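> Chain W is fixed; fit chains E, V and S onto it per the hints.
Here are the chains, one letter per residue:
4 protein chains.
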Amino acid sequence: MKIRIYYDDTDAGGIVYHANYLKFCERARSELFFSRGSSPAIDGGHFVVKHIVADFIASAKLGDMIEVRHEILKLGGASLELKQEIFRNDEKLFSITSTLVFVKDGKPSRFSPETAAIMKEIFSNN
Amino acid sequence: MKIRIYYDDTDAGGIVYHANYLKFCERARSELFFSRGSSPAIDGGHFVVKHIVADFIASAKLGDMIEVRHEILKLGGASLELKQEIFRNDEKLFSITSTLVFVKDGKPSRFSPETAAIMKEIFSNN
Amino acid sequence: MKIRIYYDDTDAGGIVYHANYLKFCERARSELFFSRGSSPAIDGGHFVVKHIVADFIASAKLGDMIEVRHEILKLGGASLELKQEIFRNDEKLFSITSTLVFVKDGKPSRFSPETAAIMKEIFSNN
Amino acid sequence: MKIRIYYDDTDAGGIVYHANYLKFCERARSELFFSRGSSPAIDGGHFVVKHIVADFIASAKLGDMIEVRHEILKLGGASLELKQEIFRNDEKLFSITSTLVFVKDGKPSRFSPETAAIMKEIFSNN
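Protein chains in written order, with our numbering: chain W, 126 to 251; chain E, 126 to 251; chain V, 126 to 251; chain S, 126 to 251.
A portion of the hints provided could be inaccurate.
Just so you know, same-sequence chains aren't split out, so a pair can sit in one copy or run between any two.
[To be verified] Below, a list of computed lysine-lysine pairs in the BS3-like style, where the Cα atoms sit at most 25 Å apart: (1) K229 to K127; (2) K229 to K245; (3) K186 to K127; (4) K175 to K208.
Because the hints were derived from the structure by calculation, they are not lab data. It should be emphasised that the depicted structure is a prediction, and the values quoted were computed from it without experimental measurement.
Only chain W is shown next, with the shape it has when bound in the complex:
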């Protein structure tokens, strides 16, 4: 997924505000659902980020076109471990590993068979 850097993504340091790389990665995850006519708010539940480890390698700036790539590390019955990297052309800017849990009525909840099938489709053929 390609994302353009606009003014609201940057800060007074002249580069992208650090927390926004997480936002770009979330948008890319959501777009995997939206582009299939589905939604990350699915099956009466939604995904919650539980744990992240991230490296900020280089900075994007106003007007840059960046790309978010992903690789599934583990797909469980109610959770997901995902690696995402942000590139500007061939230069890696950011890398994050996220553990996401599917939550329904405030509690971790197993995917329904339908959702499990969508998850498999989305996160197996990168």
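What follows is chains E, V and S alone, placed relative to chain W:
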């Protein structure tokens, strides 16, 4: 209400991103409720901005302490017309007139007597 | 310009946070420059919003695909008056008229002949 | 440092958007400087986040008053390792360990003696 300008409020132009002045004004409106132990999400409904006229006079920058002041122009049974100005010390930076409508189940809705009383208390003694 | 609504564009009311419509309009203005290999930070200066009048007609929600359309009202030597409207399919959600001034070294400044030519190209053939 | 949760901090899930906890932690770091009449943009340089490990434990919602606490793990000559936790009353919501590097002219740079003194004052007496 006083608000500090942080990195995430600014953009690569080195000053506050223009849309954030609206955010500061909304925070100031909400704080009028929160500081009384109430909420702008009240009575099963919430406020929706319908119309604004705004002037951007001067810019705030990182670390500035700004102040949002308000003056009620008109308090109706289901709506509110409000003038808000943002100052840095004695310098006016921003001015906005907003028409807000109270919405419940997606439709404009009159305040309950309890909410009307809170509205009167909040928006009559500035 | 088409824009997808992601989680970070929405708020606890379940719809797009009102100030974000201004953000979408700014992104659309900037994209007019970026898509030509140019930038709104041009010629040692940049554009500053001075005055807006806006109507919030209906709300966009998570996953919606919206479109920002524009119509130039007036193109001056150092300023711009622009009407922008946001649609979801055929439904108008938002309308704004903005007065933008080109600023250099903190002062309004006439476009250079090169910038004036770009401005004319961008804002005359919609 | 205490922070109120406003509409723009939340998303359509009804709770604080996950990336905003990083924003709150950055604001708290910056406020340590601002409240002393200093700035995190100091000495011709500024701080850049290089590496984070974070746990999202529970969620804050509209109107909550949260508190960011910090503990210095390591103060180097050009970097900083910091643990920050966000609480709502006695409930821990979020925990992050950040490695920050001081950057000048795009390169890691040792603190000047004056900045080193400020850093020591800010980050030794929690």
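> Hint by hint, say whether it matches the structure.
Quick rundown of the hints versus the structure:
no.	hint	in the structure
1	K229 to K127	neither (30 Å within a copy, 30 Å between copies)
2	K229 to K245	within (19 Å within a copy, 39 Å between copies)
3	K186 to K127	both (14 Å within a copy, 21 Å between copies)
4	K175 to K208	both (14 Å within a copy, 17 Å between copies)
Comparing the model with each numbered hint stated earlier shows that hint 1 is the single one that does not hold.
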